[in-house]
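> With the hints as extra help, turn the sequences into a complete structure.
Chains as they are written, first to last, in my numbering: chain Z, 227 to 798; chain P, 161 to 355.
Calculated from the structure, these hints are not laboratory results.
You may find that some hints are simply not true.
[What the hints assert, rightly or not] Over 12 angstroms on every C-beta distance to chain P, these chain Z residues come out as not near it, computed from the model:
| id | residue |
| --- | --- |
| 1 | E362 |
| 2 | K416 |
| 3 | T558 |
[As the list claims (entries may be wrong)] Here are the simulated DSS-like cross-link-like pairs (lysine-lysine), alpha carbons at most 27 angstroms apart as the crow flies:
| id | chain 1 | residue 1 | chain 2 | residue 2 |
| --- | --- | --- | --- | --- |
| 4 | P | K307 | P | K273 |
| 5 | Z | K450 | Z | K486 |
| 6 | Z | K416 | P | K244 |
| 7 | P | K338 | P | K273 |
| 8 | P | K273 | Z | K450 |
| 9 | Z | K703 | Z | K653 |
| 10 | P | K262 | Z | K450 |
| 11 | P | K262 | Z | K479 |
| 12 | P | K273 | Z | K479 |
| 13 | P | K244 | Z | K477 |
| 14 | P | K318 | Z | K530 |
| 15 | Z | K725 | Z | K706 |
| 16 | Z | K416 | Z | K354 |
| 17 | P | K244 | Z | K550 |
| 18 | P | K280 | Z | K706 |
| 19 | P | K244 | Z | K334 |
| 20 | P | K318 | P | K338 |
| 21 | P | K307 | Z | K477 |
| 22 | Z | K594 | Z | K653 |
| 23 | P | K294 | Z | K479 |
| 24 | Z | K479 | Z | K537 |
| 25 | Z | K477 | P | K294 |
| 26 | P | K294 | P | K273 |
| 27 | P | K262 | P | K338 |
| 28 | P | K338 | Z | K530 |
| 29 | Z | K479 | P | K338 |
| 30 | Z | K477 | P | K318 |
Everything numeric in this text was worked out from a predicted model, so none of it was measured.
All C-beta atoms in this analysis are idealised placements derived from N, C-alpha and C, irrespective of residue type, glycine included.
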Amino acid sequence: MNYFPDEVLEHVFDFLTSHRDRNAVSLVCSLWYRVERFSRQRVFIGNCYAISPEKLITRFPGLKSLTLKGKPHFADFNLVPYDWGGYVQPWIEALAKSRIGLEELRLKRMVVSDDSLELLSRSFANFKTLVLVSCEGFTTDGLAAIAANCRFLRELDLQENEIDDHSGHWLSCFPDSCTSLTSLNFACLKGEINLASLERLVARSPNLRSLRLNRAVPLETLQKILMRAPLLVDLGTGSYVHDPDSETYNKLKTTILKCKSIRNLSGFLEVAPRCLPAIFPICLNLTSLNLSYAAGIHGSELIKLIRHCAKLQRLWILDCIGDKGLEVVASTCNELQELRVFPSDPFGVGHDAVTENGLVAISIGCPKLHSLLYFCQQMTNAALITVARNCPNFIRFRLCILDPTRPDPVTMKPLDDGFGAIVQSCKLLRRLSLSGLLTDQVFLYIGMYAEQLEMLSVAFAGDSDKGMLYVLNGCKKLRKLEIRDCPFGNMALLSDVGKYETMRSLWMSSCEVTLWGCKTLAKVMPRLNVEIINEHDQMEICAEDGQRVEKMYLYRTLVGPRKDAPEFVWNL
Amino acid sequence: MESKVAYDNDLNLKATELRLGLPGTDYSEEQALFSARNNKRPLPELNEKCGSKGSSDAPHAGNETAPPTKAQIVGWPPIRSYRKNNLQPKKTEPEAAGIYVKVSMDGAPYLRKIDLRIYKGYPELLQALENMFKFTIGEYSEREGYKGSEYVPTYEDKDGDWMLVGDVPWDMFMSSCKRLRIMKGSEARGLGCGI
Chain Z
227 MNYFPDEVLE HVFDFLTSHR DRNAVSLVCS LWYRVERFSR QRVFIGNCYA
277 ISPEKLITRF PGLKSLTLKG KPHFADFNLV PYDWGGYVQP WIEALAKSRI
327 GLEELRLKRM VVSDDSLELL SRSFANFKTL VLVSCEGFTT DGLAAIAANC
377 RFLRELDLQE NEIDDHSGHW LSCFPDSCTS LTSLNFACLK GEINLASLER
427 LVARSPNLRS LRLNRAVPLE TLQKILMRAP LLVDLGTGSY VHDPDSETYN
477 KLKTTILKCK SIRNLSGFLE VAPRCLPAIF PICLNLTSLN LSYAAGIHGS
527 ELIKLIRHCA KLQRLWILDC IGDKGLEVVA STCNELQELR VFPSDPFGVG
577 HDAVTENGLV AISIGCPKLH SLLYFCQQMT NAALITVARN CPNFIRFRLC
627 ILDPTRPDPV TMKPLDDGFG AIVQSCKLLR RLSLSGLLTD QVFLYIGMYA
677 EQLEMLSVAF AGDSDKGMLY VLNGCKKLRK LEIRDCPFGN MALLSDVGKY
727 ETMRSLWMSS CEVTLWGCKT LAKVMPRLNV EIINEHDQME ICAEDGQRVE
777 KMYLYRTLVG PRKDAPEFVW NL
Chain P
161 MESKVAYDND LNLKATELRL GLPGTDYSEE QALFSARNNK RPLPELNEKC
211 GSKGSSDAPH AGNETAPPTK AQIVGWPPIR SYRKNNLQPK KTEPEAAGIY
261 VKVSMDGAPY LRKIDLRIYK GYPELLQALE NMFKFTIGEY SEREGYKGSE
311 YVPTYEDKDG DWMLVGDVPW DMFMSSCKRL RIMKGSEARG LGCGI
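Here it is in structure tokens:
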């Protein structure tokens, strides 16, 4: 089959950047498998328990960049106990012992300790990039080790992690010889920062293009930093509070005019709205704006800001913008591709919040919209049908009605038809999250039309096992299914056991599945780990097969039951 | 955004009803069936803060009455805990950003700055000014301004006009005051020193 020397094949494979393409290539024949595996540098592992670090190292000796994900998605919402697992330590240990020249590590929902960070910082001479998203278990001491030991560090990106902040001295641990930084994001740190160290670090980092500050960095320092880094492309402000009549603020206004390259803006963790006009000059060039933590900017000031941002492609905002504000977005931001509207008051009465009207307005004004996350008070079928017609290009559609079982308030009917219209119209839909009052009918539609669907999140929906069956039978490309509080039971779970080996994982909590159902599945499918999370000791006292299982998480794996599971996790 | 009357009446009764099963569903018969089968399942876990376990539809309670305590379901709405923990509730914003205004006093060698947000009302503000510049302000009346002292507190508002401190409600003053000036002597008389 092979007419070319291996080097030519390898060169051709170099053009394949996506994991899926490279995975597909490696299945063609054993020769291609061999060439591919030696030339692969970037590996993505969506579930850290699906494979072992040793197997990874054996297969890809040329590994330079690794992405790992740990806990299941519902861990974000406190549904997974604290010490469930997802530790990065064994991976770093194994990689450190090997001859792998790791340069990049990206982790999501994993437990990272200071020891892990220390080991990481000492083991790889060329280490360049560390990205931690929604991780926990480490402190600023670990960051100090990274700063001190990674001589060629380019990116340190901390997104929404829970970090124990011991002090601001970690920034001072970057040696004077470190001049390679291109990206630094410490917005999620809660403690104080050594401002002088920060200014010196920025001053000696001529390649810095992305900088996201935390709340402890005041406006005065922001101005000084921007003076040193006028080529920034991505900026996250810290505390954006000052007296708009002051000299500092006037200096900031002049400095910002020089920052012509800023395309992404975020932060405003604390904000004095009267200081916002300073950023209006850069708004015209913004393609991405994240104000989802800027609770201090209200309705009219928010709208005034948005009116300057005609080129926005991505907008993350709080629902205090209101339907009226979304109408302004719709008329101003015609290039919009991604919109996220978060609740500013998740448990409150929600007078400021958005409804179906805001979404319809957006669908009219922003035809390029392909990704949506929308928290709202209510939704109607009519609105969803209109949105489906106006925006047939959705790839991600996540709707969260704050009252999880609320029907269409106009017709009092379930929202089956509305979501049905979405899946029928949006033929490229890959991710869908449902909410509102929903019957088995919506799942019939999903199974019938959502041919590209890869991830589905369901809560408080459906009437019977049929709902889950429609999805399992219909969605051929389904990879992740997460279900909570739905009346799906053993019959649905066991109807097509082979399906789960084609998927990454299945989560079911507060459903009708029993211990017997889970045990049966585990027995029949040895290459699945079927884990029961049992927090209430009820199972220990009387582990009857007929008992309903509170939380089940199953995933395909090549390495059998994990050895680091805590007491409350049973692997069947 | 208020829902229809039918839904309102239905859920107002149920809002404080203690029951098992999913919150907010309409189908009460199915509910009863579901509850009967549910006797071994623990209830949806509730946040310590919440009271009643009934419907979580606060909007239906209407604007006039305080909303009933919402039943908080674990993990709902699906917002990352990091985001939930870091969202400043609107009420605490006043603490986040101060309103600093310059204060000048006729005859004083330099100006001062104060944060209007730290005062609850005019009495506290005036007391603070008296302490800061070591003088006394007279008694305020709507008709005659400040009587009994040669000092009068004034402020420049958004329109650039010099106004007497104390005429408008405190909140309105806080949002319109750009700077303060304590006038003295004959100039003060023109602005309503009651002589």
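> Checking each numbered hint in turn, tell me which of them this model violates, lowest number first.
Numbers 1, 2, 13, 18, 21, 23 and 25 - these are the hints that the structure violates, sorted from lowest upward.
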